[in-house]
Structure formats: C-alpha cells, structure tokens
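Enquirer: Given chain A's structure and the hints, the job is docking chain B onto it.
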Amino acid sequence: MQETQQNEGFTQDASGGDRDGFLLPELVAHLREGRTALRQEWATRITDAHLLSSMTSQEVFSEATSVYDNYVEVLETGSVEELRHYARDLSERIIPRGVETHEVVGIVLLLRDVLARSLFEKYQKDFRLLNEVLDAYEPAANRIANTVAVSFVDERERVIRQQQDSILELSTPVLQVRERLLILPIIGVLDNQRARQLTEQLLRGIRTHRAKVVVIDITGVPDVDESVANSLVQTVDASRLMGAEVIITGLSSEIAQTLVTIGVDLTKMRTVGDLQGGIEEAERQLGFKVMRNGDAQH
Amino acid sequence: MPSIEPGGMTEPLRVSILTQGRYLIVSIHTALDDGQMTRLQRDLVDQVGRQRSRGIIVDLSTLDVLDSFATRTLTQLAHAAQLRGAVTVVVGIAPEVAIAMTQLALQMNFLRTALDLEEGLALLGELTGADNGVPSQGRSHDDH
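Heads up: the sequence lines are chains A and B, in that order. Going by the numbering used here, the first residue of the first sequence is number 1, and it counts up by one from there. Going by the numbering used here, the first residue of the second sequence is number 1, and it counts up by one from there.
With the rest of the complex left out, here is chain A:
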C-alpha cells in the first residue's frame, strides 16, 4: 500500500484503512459538485430509454433529483436502513402511477452507470486510482440497486396482499329469501381460498338461519374449471352434512360444455338454469307456493 504516495490525485499519505475511508468522501464530494450536470444526464438517459413513460418529464426530473440526492447520501453514510426507508417511500409514490419493476431497476442501474462514467472521466489519467475508486463505489452502488429493487418488490407485494384481503372482505352475502331458504350469489373469480371462505360462511349461515335449501348462483363467475367445480361439489357435500340441499344456478352454456368436456363428475349437484328457476324449485321443495293475487281462486 506504499504506492499510494505516488498517486498525483491523492496527496494524503496514510495507511490502507484510512485511505479507503477517504476515497468515499472524495467520491461523494465529486458527485455533489457535478450534481446538476449528472442529474440532467441521468434524466435524459431515462427519457431516451423510454423508462417511466407513465410520468411527465417534470415529474421524472423531480423524482430524479430526490433519488440522486438520496443516492449520494447513502453512498456517504452507507446506511442501508435509511435507503430502505427511502425506497419504500419512493415505491409507495410511484406504484400507483403504474411504474413497473423493470423500470425502477432500470433507472437505478442507469444512475449507477452515469455516475460510474463520470468517475471514469475524472480519474482517467490514473488507472490505479480509478480502480480503487471503483472498488469503493461499486459495492455501495450495487447495494443501493439491490435495496431499491427489493424494497420495490416488497412494496408491490404488500399492495397486492392488501388488495387480496380487501377482495376477500368483499364477502359473498348469504341471504335469506324465504323461511329456511338461502341464496348465495357468487360474483367474480372463485379460487380455492375464496371457495373455502365461502363454504365456511355458507355453513354458518345454514346454522343460523336453519336453512333447508340453498340456491348458489354462479352467473357472475367468469370461469369454472375443474378445481372450481370440485370445490363447488365440496360445498354441496358439506351443506348436505349440515342438513341443507344445494341447488346451483346460472351455469352458462360455455361453462356447461367445458365441464362436460373435461369430465367433471357433477352428478351429485342439482342444477337449474337460472336464479329464478332455482328459487322456484327450492320453494316447491319447501312447500311454498307463490301466486299472483288474482289467481288465488283459479
């Protein structure tokens, strides 16, 4: 490490450890100095690469400014915690604007490259020093890129989880239409988790309303595949164990044909064309007879 003294750009003669500690501040000072030009360069590169296309150029520029400052700050302090916090903030801001993961990773990598280029330029005279500067810069820069990407994905997943929860909470209502007759209109995609939740809800409903017949309407279910069909069969079975008959209504012709083609065994299911028919069938079974006022005397 004695060679250091020979470096022109580096007047301080010190031991290796001190020097390493000295390189980074110098680097940071350099990046602070060239802030305006480098930031502009970066923003231009972002636009050229068609990243962040969902944001206006002003927005890109102001985000670029704050990311740039934070980037330099993290280089200086090396505090990943702070960066993580910042990255989460940033993700929270840009995810609702439809920014994709590849864009975020892309812009951070672009910034890394822009800054690296400026370092090449500054230290081009001294290859050895350049190497040492890059040794200090690269791990820090990679750590930043990594942290930002991970935070972004984490934030996205958090948003997705939150949305899933709220979809689940848009619970399927179990409604009583007549004494001992429940209807359960299902709207939207039926996956295994939802099917399970729905079954639990229905069974609780059967117990509280002492239902004998349940009409499940699946008009609003866009796609019924084998697993959905099987979970419906399970719902029917479980309801029967609780003493309630289930009538399924609203199978579209496409779905009916799909089920026949893939050969799902639906012999245990009672199906009626539409919700009205299902309710009429259920009423018949329960002994209700609905008639118009005038028709009462025949």
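It should be emphasised that the hints constitute simulated quantities derived from the structure, not laboratory data. Treat the hints loosely; a few may be bogus.
[Unchecked claim] Short derived list, chain B residues pointing at chain A, Cβ under 8 Å:
1. GLY35
2. ALA114
3. LEU115
4. THR128
[Unchecked claim] Restraint ranges, calculated between C-beta atoms of paired labels, are given here:
5. ARG210(A) x THR62(B): 16 to 24 Å
6. SER79(A) x PHE69(B): 53 to 61 Å
7. ALA122(B) x GLN164(A): 51 to 59 Å
8. SER68(B) x GLN164(A): 29 to 37 Å
9. GLN201(A) x THR62(B): 21 to 29 Å
10. GLU226(A) x GLY129(B): 18 to 26 Å
11. LEU168(A) x ARG84(B): 43 to 51 Å
12. ARG93(A) x VAL65(B): 32 to 40 Å
13. GLY129(B) x ARG178(A): 48 to 56 Å
14. ARG292(A) x VAL65(B): 34 to 42 Å
15. SER54(A) x ARG72(B): 56 to 64 Å
16. ARG178(A) x THR62(B): 45 to 53 Å
[Claimed, not checked] Covered stretches of chain A, going by a simulated chain B footprint (3 or more residues, C-beta under 8 Å):
17. 113-126
18. 236-250
Predicted model only: the values in this text are computed from it and were never measured. All residues carry an ideal CB built from backbone N, CA and C; glycine is no exception.
Expert: Just chain B, lined up with the frame of chain A:
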C-alpha cells in the same frame, strides 16, 4: 368390517343409547377411539333388532373433530342398520367438521343428515312415515 379392538370390548361404552318410541338416539360428546366407535356400531345395530327401531339419530353437535375411521364406522352403521330396517340420521355436524369430512372425500351414501335433533326427528318422521325408507323429496304442506 374393521377388526374389533379388544380395549373397546372390555371397557364400558362411554355413550348412552336412548330409546324414544321407535327411534334410538345417541349423542357423542367426546372423540371416541376406534374400539369405542366399533362397539357403538355393534350395540346400535344390535338394539335396532331388539327394539324393532325404525330410526337412529346420532347427534354430533358437541364434537369438533371427526376422524376418517369414525366417519367410515358411521357409514357402516347406517348401512347395517338399513339392512335391519332402520334409517340413520346424523345431526348437529359443525361447519368445520363438515368441511373436514368433504375434504376427506368420504362416501356417505347411507347417511342422512339434518341440522339438529329437532330436524333429525322431523326427517325421520318423514322417512319412516312413508314406511319405505326411500328419501321423499320435499314436505307436503297445506297450501291455503
């Protein structure tokens, strides 16, 4: 028939079988081991003949688990009772138990189910009143 475990035979049966007219009523409060389950099945089928019962009600309303062996035994009990002329109705299955049973994909061909004891008695009345054990769909009502 599953083999009968010796333990279940010597121990006293921890379930009481009540007679109500021509029905037998059993309420299972705690999870029974396999031997007890088998013993219950044998005793019930026995009594169906002795008391000339027309129906059996098995109440599970205080039970929060039912394993596959117990379910199978209940099915066999229902089948055997059917052969001796009695209909078996299982009542009071809790939602969690119902879900677990369907996930085990158990065949419950001879089992009739009802919400609770009251419903079970009503169902038995319907089934045995028709005097053929064939499930009759729907109840006849007086529509004004």
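Enquirer: Which constraints among the numbered hints does this structure fail? Numbers only, ascending.
Expert: Numbers 1, 4, 7, 10, 12, 13, 14, 16, 17, in rising order.
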